[in-house]
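Chains as they are written, first to last, in my numbering: chain L, 2 to 155; chain X, 7 to 90.
Please keep in mind that the hints were generated in silico from the structure rather than gathered at the bench. Just to be clear, a hint being listed does not mean it is correct.
To be verified - No farther apart than 30 Å at their CA atoms in a straight line, the calculated lysine-lysine pairs in the DSBU-like style are these:
1) L:K72 / X:K71
2) X:K52 / X:K71
3) L:K150 / L:K72
4) X:K52 / X:K79
5) L:K145 / X:K52
6) L:K145 / X:K79
7) L:K64 / L:K150
8) L:K64 / X:K52
9) X:K79 / X:K18
10) X:K71 / L:K64
11) X:K18 / L:K64
12) X:K18 / L:K150
13) L:K64 / X:K79
14) X:K52 / L:K72
15) L:K145 / X:K71
16) X:K52 / X:K18
17) X:K18 / X:K71
18) L:K145 / L:K64
19) L:K72 / L:K145
20) X:K79 / L:K72
What the hints assert, rightly or not - To give a feel for the contact side, a few chain L residues facing chain X, derived at Cβ under 8 Å:
21) R54
22) K64
23) W77
24) P78
25) I97
Claimed, not checked - Here are a few chain X residues that sit away from chain L, every Cβ distance over 12 Å (derived from the structure):
26) A39
27) D65
28) L84
Cβ atoms here follow ideal geometry from the backbone N, Cα and C, with glycine treated the same way.
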Amino acid sequence: MAMSVDIRIIAGTFDPDGESARFRQRFAAPGAVVAFLGAVRGEGEAGAVSALRLDHYPGFTEKEIAAIAGKAQERWPLLGLAIVHRVGEMRPGEPIVFVAAAAAHRRAAFEAVDFLMDYLKSEAPFWKQEIAASGARWIEPTQKDHEDKARWRA
Amino acid sequence: MATRLLFFGALKDAAGCAERMVDLPAGATTGEALIGWLASGDDALKAALTRPGVRLCIDQTIAPKTAAIGEAKEIAFLPPFSGG
């Protein structure tokens, strides 16, 4: 069965509620829809964060995210997926990433979104800089991110 | 033939640019050889490019640093990713 997968990298912002509503409307009667929103926190390692800057590798980043989405499809019985990820500069309180999954039952939808977020944090080709009063700092995945990802190795 | 080199994340700072067009010398046939040529005389750049976790991407496919560059049009140096 062909599954509906929507992957978008966007400069500029997105409306999380709009994305959520549009995602749900793609399906006739899914038993479960799980939507996750990642947003910019106000406090980073270096104190108050004034902005995040996210770079990507156009073409390659989309290809790698599609591969991660393919892994989720193989692993869980899903009706559809959406991944929307911003790049460029963004401020505390603003959305960064939206991930949603639709399935017949909730376990697949919850796990697929959790899995995709763990991979997006450390396996998707983005590079994040935290901008604070002390300057700009490139972020690298934490031990926690690696541990989170390791949960999915069966 | 000119090859496009791309530097991402903190490597942009180390390389002094995000992108460069170069004519690869005859000896730069692998990732390792390319790094040796690019970073010759620049220990800081060499350290940055050879750091564990930095990956080579040849025509938008990740490759080990020992891989042959061949006729690649685009070679990218990717530090560890941080998304989400």
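- Query: Does W77 of chain L pass the interface check with chain X, least Cβ-Cβ distance below 8 Å?
  - Reply: W77 of chain L check fails; min Cβ-Cβ to chain X is 20 Å, beyond 8 Å.
- Are K145 of chain L and K79 of chain X close enough, with their CA atoms no more than 30 Å apart? violated (37 Å)
- Given the proposed pairing of K72 of chain L with K71 of chain X, does the C-alpha separation stay at or below 30 Å? Given pair K72 of chain L, K71 of chain X holds - Cα atoms ~26 Å apart, limit 30 Å.
- Query: Taking 30 Å as the top limit, are the C-alpha atoms of K145 of chain L and K71 of chain X close enough?
  - Reply: holds (28 Å)
- Query: Does the structure keep K52 of chain X and K18 of chain X at a Cα separation of 30 Å or less?
  - Reply: holds (13 Å)
- Message: With the threshold set at 30 Å, check whether the alpha-carbon distance from K71 of chain X to K64 of chain L stays at or below it.
- Response: holds (21 Å)
- Item | Restraint check for K64 of chain L with K150 of chain L, where alpha carbons must lie at most 30 Å apart | The given pair, whose Cα atoms are some 19 Å apart, holds under the 30 Å limit.
- Query: Between K145 of chain L and K52 of chain X, is the straight-line Cα distance small enough, at 30 Å or below?
  - Reply: With Cα atoms ~29 Å apart, K145 of chain L and K52 of chain X stay inside 30 Å; holds.
- Is it true that the CA of K52 of chain X sits at most 30 Å from the CA of K71 of chain X? Roughly 13 Å separates the two Cα atoms, so the pair holds.
- Item | Satisfaction of hint between K145 of chain L and K72 of chain L, Cα-Cα up to 30 Å | holds (21 Å)
- Task: Would you mind confirming whether the straight-line C-alpha gap from K150 of chain L to K72 of chain L stays at or under 30 Å?
- Result: Status holds; Cα separation ~13 Å.
- Message: Would the hint linking K52 of chain X and K72 of chain L be met if the CA-CA limit is 30 Å?
- Response: The hint is violated at about 35 Å.
Consistency note: the structure conflicts with the earlier hints numbered 6, 14, 21, 23, 24, 27, 28.
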